[in-house]
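> As given, the protein sequences belong to chains A and B, one line each in that order.
Numbering-wise, the numbering used here puts 87 at position 87 of the first sequence, and it's gapless, one number per residue.
Numbering-wise, the numbering used here puts 80 at position 80 of the second sequence, and it's gapless, one number per residue.
Hint data in this document are derived by calculation from the structure and do not stem from the laboratory.
Be aware that one or more of the hints could be misleading.
With the Cβ distance kept under 8 Å, some of the chain B side facing chain A (calculated, not the full set) [stated by the list, open to error]:
(1) T71
(2) H79
(3) Q82
(4) A126
(5) L133
(6) A134
(7) P138
(8) G139
(9) R142
(10) S148
(11) A149
(12) A152
(13) V156
Don't be surprised by glycine CBs; every beta carbon is placed ideally from N, CA and C.
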Amino acid sequence: MKAKAEVAALQNALQAEEAASYGYGVVGAHLSGAAFSQATSDCVIHERARDSLSAMITALGATPEPAAVAYRLPLTVSTPAQAATLAVDLELSVVAGYVPLAGAAEPSLRQLAATRMQAAAVRAARWGAPPRSFPGLSPAP
Amino acid sequence: MTRRALFGVAAAAVGTLWLAGCKGITALGPVPKISGDVVTLEHLIAHEEALVDLYATASRQSSGSADVIATIRAEHEAHLKQLRARLVLPPRLAGTKIAPSRGIPALPAGAAALSGALAVAERAAAARLTAQLATVPPGLARLLASISASEAAHVVYLRRSVSSR
Chain A
1 MKAKAEVAAL QNALQAEEAA SYGYGVVGAH LSGAAFSQAT SDCVIHERAR
51 DSLSAMITAL GATPEPAAVA YRLPLTVSTP AQAATLAVDL ELSVVAGYVP
101 LAGAAEPSLR QLAATRMQAA AVRAARWGAP PRSFPGLSPA P
Chain B
1 MTRRALFGVA AAAVGTLWLA GCKGITALGP VPKISGDVVT LEHLIAHEEA
51 LVDLYATASR QSSGSADVIA TIRAEHEAHL KQLRARLVLP PRLAGTKIAP
101 SRGIPALPAG AAALSGALAV AERAAAARLT AQLATVPPGL ARLLASISAS
151 EAAHVVYLRR SVSSR
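Chain A with its partners taken away, still in its complex shape:
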């Protein structure tokens, strides 16, 4: 039962990382120079996180849920500013995606979730997100 809850929390985080990996392809396509490099770097971070989550799910005897062929993006992107807005949205979705894992029974999973939530919140801020008191919690307490 404990493992089942942990797998569900890991799958939740995996879906957020898969969506971010896809979304950053769109973000990068509308950027150039330093912003493009930043998007590429952030995309790689999400791909690695996705792969590590998949491995953890497999190690628990479950099957990682496959990524979708395409994702419905929250906004149409045709300018660099819209690309940055999409990056903010992707990162905040990743923060929210790890929240269930932060309450997992296994302490190491909680630490992993918190660390990745912090990193995603930092990236969201770099892409222009305004400060948030309780990122990932909806509704805010």
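Fit chain B to the known structure of chain A by using the hints.
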């Protein structure tokens, strides 16, 4: 029940109460220890109070990045409110500081140095929250993880407030 039996029960009860009276409060069993969750929450509240005080000091000596400092201070106050809401205290203690202030360290002068000192405090706060996750209940762990993400992001806003000047 006969009258004699009733007297017997009553006498036994009086005897038990008398013995309990002699034992004082120990007759009620061992005094319960404060749970680890309460201690953890008290420490986190004390640290969050210190952060609010730190930003109050920073806002008095900052001229250039007052908006950012005020915004972040408001976020720490929101964190503090949520942490306090999870610690139920007797009415006479509610609203008081958990631990006496240990004094706010002197903040350096100059926007860059001030921002740097606040960033150090934010990173330490995020690390402290992460370290406390292992032992708290799941709901509190999720809240602490969210607060740690908020505090980690503060570093970006502090840096930006300096570089944009």
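> Does each hint fit the structure? Answer for all of them.
For each hint, the structure was consulted:
For the restraint placing B:T71 at the interface with chain A, the shortest Cβ-Cβ distance is roughly 6 Å, inside the 8 Å limit, so the hint holds. Contact between B:H79 and chain A, as hinted, is supported at the beta carbon level, the nearest pair being about 7 Å apart and thus within 8 Å. With its C-beta approaching chain A no nearer than about 5 Å, B:Q82 sits inside the 8 Å limit, and its interface hint holds. Checking B:A126 against chain A by beta carbon gives a least distance of about 6 Å; that is within 8 Å, so the hint holds.
About 4 Å separates the beta-carbon of B:L133 from the nearest beta-carbon of chain A, less than 8 Å, and the hint is met. Satisfaction of the interface hint for B:A134 is found here, the shortest Cβ-Cβ separation to chain A being roughly 4 Å, below the 8 Å cut-off. For B:P138, the interface hint holds, the least distance from its beta-carbon to any beta-carbon of chain A being 3 Å, beneath 8 Å. With 8 Å as the threshold, the beta carbon of B:G139 comes within range of chain A, its nearest partner Cβ sitting at about 7 Å, so the hint holds.
Of the supplied interface hints, the one on B:R142 holds, with its beta-carbon coming within about 5 Å of a beta-carbon of chain A, less than 8 Å. Checking B:S148 against chain A: minimum C-beta separation of about 5 Å stays under 8 Å; hint holds. The closest approach between the C-beta of B:A149 and any C-beta of chain A is roughly 4 Å, which is under the 8 Å cut-off, so the hint is satisfied. Below 8 Å, beta-carbon pairs count as interface contacts, and B:A152 has one with chain A at about 4 Å; its hint therefore holds.
Annotation: B:V156 was flagged as interfacial toward chain A, and the flag holds, the nearest CB pair being 4 Å apart, inside 8 Å.
Of the numbered hints given earlier, the model fails none.
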